[in-house]
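*Asks:* Protein chains in written order, with the numbering used here: chain U, 1 to 498; chain Y, 1001 to 1302.
Note that these hints are calculated values from the structure, not bench results.
Ideal placement from N, C-alpha and C gives every residue a C-beta, glycine not left out.
Treat the hints with caution; some may be incorrect.
Unchecked claim - Partial list, derived from the structure: chain Y residues whose beta carbon lies under 10 Å from chain U:
| id | residue |
| --- | --- |
| 1 | T1131 |
| 2 | F1143 |
| 3 | W1186 |
| 4 | V1240 |
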Amino acid sequence: MRTLLTLILVAGTALADSWTDTFSIEKIPVPAGVDPQIGGIDATPSGKLAMCFHRGEILIYNPRGKTWKRFAGGLHEPLGLVAESESSFLVMQRPELTRVADTDGDGTADLYETLFDGFGMTGNYHEFAFGLARDSKGYIYLALGTASNGAGIRPEIRGNWSAIGLARENMLNGPNWGKNKGKAGRMYSRVPYRGWVIKVAPDGSKWWPFASGFRSPEGLGFDRDGRLYVTDNQGDWLGTSKVFHVREGHFHGHPASLVWKKGWTREPLKIPVAELDKMRTPAMGLLPQGELANSPTEPRMIPKGTFGPLAEQMLIGEMNQTNLVRFLPDPVEDVSQGAAIPFLRTGALGRGNHRLTFTPDGSLWVAKTHLSWAGANGLMRVQLKDDAGDFLAVDRVRLLANGFSLGFTQPVDPQTLKSVTVRRHSYKYHQGYGSPKVGDAQVPCQVTAFSSRDRTCMIKIDDLAEGSLYTISLPGVSSISGKPLLGEKVYYTLVKRR
Amino acid sequence: MLSLSLLRRLLMVAAPGCLVSFLQAQDSKIAAPAPDGKTLFAQNCAACHLPDRQIVGPSLVEISRLYSTKLDDFLAWCKEPVQKRKGVIQMPSMAHVGDPSLKLVHAHILKAAQGLKEVKVKGLDPFYASTSMRKRPNVMRIFMPEAGPAAIAVAVNEELHYCWDAGECRLRYIWKGDFIDGWSVWRGNGNGLARIQGDILLREEHNPVPYADLADSNIPQPKFLGYTLKDGLPTFRWRVRGFDVSETIRPTEDGKALTRTFKAGKGFPLAFRFKSSDTMLVSPESAQLDEEGSLTVTLTPR
Chain U
1 MRTLLTLILV AGTALADSWT DTFSIEKIPV PAGVDPQIGG IDATPSGKLA
51 MCFHRGEILI YNPRGKTWKR FAGGLHEPLG LVAESESSFL VMQRPELTRV
101 ADTDGDGTAD LYETLFDGFG MTGNYHEFAF GLARDSKGYI YLALGTASNG
151 AGIRPEIRGN WSAIGLAREN MLNGPNWGKN KGKAGRMYSR VPYRGWVIKV
201 APDGSKWWPF ASGFRSPEGL GFDRDGRLYV TDNQGDWLGT SKVFHVREGH
251 FHGHPASLVW KKGWTREPLK IPVAELDKMR TPAMGLLPQG ELANSPTEPR
301 MIPKGTFGPL AEQMLIGEMN QTNLVRFLPD PVEDVSQGAA IPFLRTGALG
351 RGNHRLTFTP DGSLWVAKTH LSWAGANGLM RVQLKDDAGD FLAVDRVRLL
401 ANGFSLGFTQ PVDPQTLKSV TVRRHSYKYH QGYGSPKVGD AQVPCQVTAF
451 SSRDRTCMIK IDDLAEGSLY TISLPGVSSI SGKPLLGEKV YYTLVKRR
Chain Y
1001 MLSLSLLRRL LMVAAPGCLV SFLQAQDSKI AAPAPDGKTL FAQNCAACHL
1051 PDRQIVGPSL VEISRLYSTK LDDFLAWCKE PVQKRKGVIQ MPSMAHVGDP
1101 SLKLVHAHIL KAAQGLKEVK VKGLDPFYAS TSMRKRPNVM RIFMPEAGPA
1151 AIAVAVNEEL HYCWDAGECR LRYIWKGDFI DGWSVWRGNG NGLARIQGDI
1201 LLREEHNPVP YADLADSNIP QPKFLGYTLK DGLPTFRWRV RGFDVSETIR
1251 PTEDGKALTR TFKAGKGFPL AFRFKSSDTM LVSPESAQLD EEGSLTVTLT
1301 PR
């Protein structure tokens, strides 16, 4: 008996990283002379890749001939791109949302049309402008990062100054900043709509402050059911990084942005935490720091017909871990929650996974950057290998009244479910930076059944606790045909019991 | 430990469709396994510190050199960091990690830096001479000195360059020499300003469109509309008081001077005012739009 168990364990270990058996991961060389940090990527209708770079170029890569062409240049830290056609692109750059287009047909851009610049800038480095997502009606969504007290503001700003907080002269970069910064808030929003998601009409004629409470909302994307996903980065008020389902008018927990709410007059740092806690919409997914994600980036849906059984699921990029995140929503009534699962967790992918897109040939393109933090640069192409159609992954997660049901892409060898364990913890909601795990403990669980008919297993847990992150570990799980499980952890954010 | 009955159940052959059931080892009191120094470092520090070179923060080699025998100083720094160096970002406090864990991190740093040497990050822009940077004319949106944060740097030709402010919709200054060194912005995450590589010939302190002269003295906020490129040179467009206004700055034929052409459509009510400097002559210094709604002035270095 002992021998058999040992065998199972050894087999599990040997097969622990089989991502590259299932997916090919290829690095695409970027032309010399271009700083290869990529801020945004999208596929054009003909299957070319348009990318914007750290120093403002837009280059177009044709995967068929492996050729690169310069389309535009001079953009200010562009961090999002949407291809409207072969010759027109929406770009989110630091100061504005811009349409960059070739109108005379010579193959390079001659029009840089400002669609939206109705937000403020203090010159603080952390006031990134992130994007972009488009809804089914063509409305454009972008997100504005707050400023960091790693620096102050510059003498000249754009936009109205909020009088709430430290006086403007005390916010300036310079010799006094060291003394003043402690009173500024770790991340601050003193010009309009920093820390907000903004909705813009397709032609830029109108725009709306859409949702507040963000710190550094790096990526936006819509899922199959029209939910807007926005990621935010661990730091002050965020015990760990998060993915939100963002709805109009909601507040998502970082208080600095509240000063731009209509009629708001209070100093955000003086509001009792309990009051903020009541106001906020909790994250749909908590992404544990150091384990799954330290800096999550763009949510992007896997298109129909791509990656086999994972089609139409959401992927999320990640800067500091060598993985992406796959997210399976499991809403309970009107509360959004669900499960995050590591995807492509392999050194072959590497870090810096910033923007994602797909081409009709079934390739996932991962565009990388670092902006002087940890990360990487360049472009990767990921394809499902031809013979990998029967890979094993969790593709459904459902909260039950007394546990979880996990669905698999293949029938699982029930014997390999013996090592399933479940832990539970939460994070502090406070002004401090990050949070330790709170109440981290293993919880009793029972794998009650595995049904090959619908390829599900039930994990019975008593006393499910709302406001907790459940970590379900599935080490060594394999299919009946012997395929190892890809993504051996399921991180379920339980906001509301079912 | 697994019970005998559990083992028996585990050994039941599971044919497709067969249900199995077994209990997991469980103990709600099992505390989280204490993370080691390497894990703690990965969770809290790795985003900003590389082993052998400075990125956002100093390398582990440097931290080891500073703190290998000064654990207390290390702990104090982690919990209450201050800004030591110009141009870098201050580290956030790691007080929440706690002393016992920070000690493990300290030990990990010393171990990880062992045998490594600091790789000096060069102070020069590796792309300074790239085609993308040397292109003339060139339009580059980047943080610029003496301008608002939505600044645009333009190289008209090899010699003459200017900074245009898309926040205020106006020219800020013109310089002669080489274009910009943007390395202090591009090497990091934007916490710097580009440096102009030459001498400023003219600073335009005031908007040449004297909005303050309007009868209601209500100074309007112009709305930036973007720019078009022709032969690489931008025409900036903005809207004010219902008028679409544009400005194009071009080199003269010999490339030694510049012209500025404004267009505003018929009926724009204001004369434009310009001011020469000791190093640049503007001619004329006051001009009204012609019947076509256009005016051009010449700027000559002197």
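*Asks:* Determine for every hint whether it applies to the structure shown.
*Replies:* Going through the hints against the structure:
1. T1131: Holds, about 5 Å.
2. F1143: OK, holds: Y:F1143 within 10 Å of chain U, min 6 Å.
3. W1186: holds, 6 Å
4. V1240: Constraint on Y:V1240 not satisfied, violated at 14 Å.
Hint 4 alone, counting from the list given before, is not met by this structure.
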